[in-house]
Amino acid sequence: MGVLGKTVTRTASLTGLAGAVLLLATTPARAEVSEETAFVFNTFAFLVSGFLVMWMAAGFAMLESGLVRTKNTATICLKNIALYSIAGIMYYVIGYNLMYSGVDGGFFGSFGGFYNTSDAEVALLGADEATPELIAAVTGNGYSVMSDWFFQMVFVATAASIVSGTLAERIKFWPFMIFVVVLTGFLYPIQGSWTWGGGWLAERGFSDFAGSTIVHSVGGWAALVGAIILGPRKGKYGADGSVHPMPGANLPLATLGTFILWLGWFGFNGGSQLALGSALDASAMAIVYVNTNLAAAGGVVAAIILTQIVYKKIDLTMALNGAIAGLVAITAGPDLQNHFLSILIGAIGGVLVVFAIPLFDKLKVDDVVGAISAHLVAGVWGTLAVAIFGGGDFVVQVIGIIAIGAFMVVTSAIVWLVLKFTIGLRVDEEGEEMGLDKAELGMEAYPEFGHGSQSL
Amino acid sequence: MGVLGKTVTRTASLTGLAGAVLLLATTPARAEVSEETAFVFNTFAFLVSGFLVMWMAAGFAMLESGLVRTKNTATICLKNIALYSIAGIMYYVIGYNLMYSGVDGGFFGSFGGFYNTSDAEVALLGADEATPELIAAVTGNGYSVMSDWFFQMVFVATAASIVSGTLAERIKFWPFMIFVVVLTGFLYPIQGSWTWGGGWLAERGFSDFAGSTIVHSVGGWAALVGAIILGPRKGKYGADGSVHPMPGANLPLATLGTFILWLGWFGFNGGSQLALGSALDASAMAIVYVNTNLAAAGGVVAAIILTQIVYKKIDLTMALNGAIAGLVAITAGPDLQNHFLSILIGAIGGVLVVFAIPLFDKLKVDDVVGAISAHLVAGVWGTLAVAIFGGGDFVVQVIGIIAIGAFMVVTSAIVWLVLKFTIGLRVDEEGEEMGLDKAELGMEAYPEFGHGSQSL
Amino acid sequence: MGVLGKTVTRTASLTGLAGAVLLLATTPARAEVSEETAFVFNTFAFLVSGFLVMWMAAGFAMLESGLVRTKNTATICLKNIALYSIAGIMYYVIGYNLMYSGVDGGFFGSFGGFYNTSDAEVALLGADEATPELIAAVTGNGYSVMSDWFFQMVFVATAASIVSGTLAERIKFWPFMIFVVVLTGFLYPIQGSWTWGGGWLAERGFSDFAGSTIVHSVGGWAALVGAIILGPRKGKYGADGSVHPMPGANLPLATLGTFILWLGWFGFNGGSQLALGSALDASAMAIVYVNTNLAAAGGVVAAIILTQIVYKKIDLTMALNGAIAGLVAITAGPDLQNHFLSILIGAIGGVLVVFAIPLFDKLKVDDVVGAISAHLVAGVWGTLAVAIFGGGDFVVQVIGIIAIGAFMVVTSAIVWLVLKFTIGLRVDEEGEEMGLDKAELGMEAYPEFGHGSQSL
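Chains as they are written, first to last, in our numbering: chain A, 1 to 456; chain B, 1001 to 1456; chain C, 2001 to 2456.
Read the hints as simulated data drawn from the structure, not as lab findings.
It is possible that part of the hints are untrue.
Below, computed lysine-lysine pairings styled on PhoX-like, alpha-carbon distance capped at 20 angstroms [to be verified]: (1) K2313(C) to K438(A); (2) K2438(C) to K1312(B); (3) K234(A) to K364(A); (4) K1438(B) to K312(A); (5) K2364(C) to K2236(C); (6) K312(A) to K438(A); (7) K1313(B) to K2438(C); (8) K438(A) to K2364(C); (9) K1312(B) to K1438(B); (10) K313(A) to K1438(B); (11) K1234(B) to K1438(B).
Partner residues are not named here, just some residues of chain C that face chain A (Cβ under 7 angstroms, in silico) [stated by the list, open to error]: (12) T2037; (13) D2128; (14) F2186; (15) Y2237; (16) I2309; (17) K2313.
For glycine and all other residues, C-beta sits at the position ideal for the given N, C-alpha and C.
Model the full structure from these sequences, guided by the hints.
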């Protein structure tokens, strides 16, 4: 975001952070925050922001638990904790380097795996005495390398979380997990390297502050392709074009999940300033927090008013998806200095989701939780909004959206199809009717609660 | 709180923070924390404390979801996410300036809306180079202006959250939302300006560290007046004076909500130190955390022991309300240096709530979640406790309680009555019996769970 | 942990923190972070880490709420909020001083209770002017004393939380609470003083970074002895050696609880670096976050794969316990610089829990939530892993495990037995069958949900 003096990548060597560090050497008065103090601030900001984004994994788990039917609830819980675990391991084993090491304007980084802490930090930690030289070798990087890894890792988990909701209630556990392995180890990092790793899209000036496209649309594309290849749930769409509602079993949990996501998003967007160790960075982070909150609020209010007008009833799940759509929409450019625009961007996200969800149903794309609408559609909107309100280049934004979309559609289609024609993607009809909890896990999420007739 | 060297307002120009900044200019050795470093600390403390208080919105949502009956659960979820959204927008559009801009010992601030970041921050963020002059212009304020806005905004949302619980299960959605618009845009900011904005109560020395009166009693008064005007739920009170229990449908959620509130309260009270950038502020914040925790613990233990003695059974919801009452009670003065007093103040809060809840029932004031007892009664107690234990002036504390109470009773009565006699406040009898979820939203919170006979 | 240059105790006078402070005096260039700035960092790190660990109390409450049957759910909620409250009060009244004041290589600290803030901080807070002398007297301690108290207090609550899950569904409320009083006021602090208080185990070099043994095994031992003395739930074990499953009533809540624990563990382990105010400490904290996350992920993946292989089904509760076991296992040594080892240590924890849970069932030790397996077994493993992978002394680690285990077994057996033969530990048969909620609380956790036939 040019507005905040940030370049588009997320690598240390190119951010405003590094600019601050360079200034340090030449402008003594800038040294009000010492290099070591800034290092601590930047590192701690990554850790705090990172634990907030980690918490979003719980948000997705609760949102999806609340929006599936009881017979598939334990399975969606399991998928969510398993995908978060796999995402972390894969990003350690291969993903981080593929995204951030030696991209240099290209299409992917290094295949050298097992990202560990830097030699400089190892030397400092192991020294008998913390000499100025040892400290300077560490602080010159601007932040602790593993704090950055932690922050980037929780982002890849978010992308994977988006997929699980859309495909719930019919996809088998292990094929889904294999997709997560590929997504978090390869697909997400490769396209991420194009912009945040300093690849070809970064060189063209594609602007996506915290990932409307790079995280949310990426998850959304993978979910969309998966939903098409997997097909809708049995009984969801009638031969006559009718849509049979399959209401979520536990709406307070879905509400809780949305609040968790909202909270986590302060870390998601705020932490994407990538630095805290100067007045400039602290001011920018505060602005990002405010815009993030106002966009979500705009999405909720727009969705409520619109559903009241269109349907004469207010739909709680639409309000929740309105919040998420508002958050996704502001994610590409949460550094606006006129906060009213954030309300507007979020509200348009909320409007889009209210229309997109029935549209995908009309197209017989069965998205159990509305994730394609909230993450892909609102993500595209947010990425364009940067050009409209934030000074980004419209053509470049479109190029970024299309390039990343095309890559994700093609690669995830390949993975989904290979899985489909080898081990199979879908539980059998009997298992789907019985519910995945009994079919795949042999257990029930709510064994003591009587189940009403609405359960299909 | 005089004890910590803080004055009573929450504006930058009058706090201990500003004192520290002034000292900086004259006492070189005080400059151990540079002005820019202090700026970052103060800003980050607002953001971290603010996200904790934002999380309290989820706490209220879960508490209230757990304490209403299933047929009204989706509606209370919707109200909670909607009120948090509206609070943020209204506080941006009008509330913040009304509370904090140019109050100058008076009764309200500026009606100029749309609070945005400062010119100094815009200049720094947009500059090609962060010159010492640009930085100094920003850091002289002590903290990023939008970080303060964020922290103050989540407080107004808390006041609104208190109201929703009391009036659950019979108030219509839109009238409630209109009340929230008025409360968060006007009523809360106006009375808030009297003390925290540097208005007439601040000049008299009214002391309310984090808002036992200014936030919690304010919400409680609005709820009390609303409950009287709205009337009790159908069937709650028999003609013979009997009280029919209408037990909450999901007590683990209510427990979760209470834990969330407890966690958020560290931000609520701790962040109200309004600064972190010195040893004094850091020490004070640590003390506030400890007192906040001990007061809640005192409230729980008192409520448990008392219900065991009085009722021969321990009531979980009383224990939860004991925690909240303890937290509310310590909020006016969490800076006590003798932490034992915090346990005592919280325990008295817990005792009050155990007696207040049945008392309001006897008065046929139907408070679904006990919020009037936990927030209004304990809030009054906490505000008086400052005079008793913390060195505040008892008469001034009473004046503050009465003035704010009278203002809230009159103004919220006007708003509730206007709503009642125009669009109406209450769902019709059939809708109340059917439940608000079906009547207003056309959906069910738990569509698959069989509903037992206790559901009225 | 020698790797990070930390000594084994958690007292200020012996940590790396103090080393840094000492260096400050002699190495000017080390003063990049001023003493007061470091004080603020260290204090704020304790507060942020502390609120994360406090949040684990909610995690245990949700995990246990999800894994008990509906008829005992309100009671387990009450126990969890009550034990957290009691832990805080007892640690204030007696525990902290017993653990940290004047241990001096011995077996316990001071019996002087009521730990309050330091004279130096009181002087600074009460002064008309913050003079350099007053500030230096405060900052020389490295951190605010009450921030440390807060952080240590939430640890003792964790130990108590472990016990409540194991003994659920049959222990009476008040005897359990009396045990919590003894555990949090005396047993935990006494054994904690041996290592973290600078007692005899610290002098021998016992290494337990954040408490695999000192917190988790301690809770586990108390739970194990309690389970043996209390006996299994009625009907759990058949006379023929059969085990009757009593499935948890609400698995999404159990999943939520696990995610909460995972989040809180960043504070648990990360905060146990005990300092943030230098590049070294910030780097170390980042490494701890990463290892904590990877170990949990390793635990989940190992448990999933293993249950698939052994049982041909994936068990959600095993996956959740795998996460917890991974977290417990890494807790003794989360400062490893080769992060792959963390995955391995966590995975072994996950494997252990999958085998330990049925083993305890075979031994007719009825552990409702699997806490003995996840906290005691994995805790022992993690403490040994420090010697295997982290450079600790294997013999000393074994001595520490045995000494603490023996102390906890003997002392908690005495307390449990005294309670058993005085006021009694167990609800009567009728109460157990009816459920503790009705028997002890006179209420239901889910009064409107129909209860299926699986409820015993």
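Taking the hints in turn, this is what the structure says about them:
Between K2313(C) and K438(A), the direct Cα distance comes to roughly 10 angstroms. Compliance with the 20 angstroms bound is thereby established for this hinted pair. A C-alpha spacing of about 13 angstroms is found between K2438(C) and K1312(B), which places the hinted pair at or below 20 angstroms, so the restraint holds. Of the supplied pair hints, the one linking K234(A) and K364(A) holds, its CA atoms being roughly 12 angstroms apart against a limit of 20 angstroms. Distance restraint check for K1438(B) and K312(A): the Cα-Cα separation of roughly 13 angstroms lies within the 20 angstroms cut-off, and the hinted pair is therefore satisfied.
A C-alpha spacing of about 9 angstroms is found between K2364(C) and K2236(C), which places the hinted pair at or below 20 angstroms, so the restraint holds. Restraint check: the Cα-Cα separation between K312(A) and K438(A) comes to about 38 angstroms, which exceeds 20 angstroms; the hinted pair is violated. A hinted pair counts as satisfied when its Cα atoms are at most 20 angstroms apart, and K1313(B) with K2438(C) qualifies at roughly 10 angstroms. This hinted pair does not check out: K438(A) and K2364(C) have alpha carbons roughly 27 angstroms apart, beyond 20 angstroms.
Of the pairs offered as hints, the one joining K1312(B) and K1438(B) is violated, with about 38 angstroms between alpha carbons and a cut-off of 20 angstroms exceeded. Using a Cα cut-off of 20 angstroms, the hinted pair K313(A) and K1438(B) holds, with the two alpha carbons roughly 10 angstroms apart. At roughly 17 angstroms between alpha-carbon atoms, K1234(B) and K1438(B) fall within 20 angstroms of each other, so this suggested pair holds. Because the closest C-beta pair between T2037(C) and chain A is about 6 angstroms apart, less than 7 angstroms, the hint holds.
Residue-level restraint check for D2128(C) is violated (minimum Cβ-Cβ distance to chain A is 27 angstroms; threshold 7 angstroms). Proximity of F2186(C) to chain A is violated relative to the hint, the smallest CB-CB distance being about 33 angstroms (cut-off 7 angstroms). Annotation: interface hint on Y2237(C) violated; nearest CB of chain A at approximately 20 angstroms, more than 7 angstroms. Interface restraint check: I2309(C) against chain A, minimum CB-CB distance 12 angstroms, threshold 7 angstroms, status violated.
Nearest Cβ of chain A to the Cβ of K2313(C): about 4 angstroms, under the 7 angstroms cut. The hint holds.
This entry does not satisfy hints 6, 8, 9, 13, 14, 15 and 16, going by the numbered hints stated previously.
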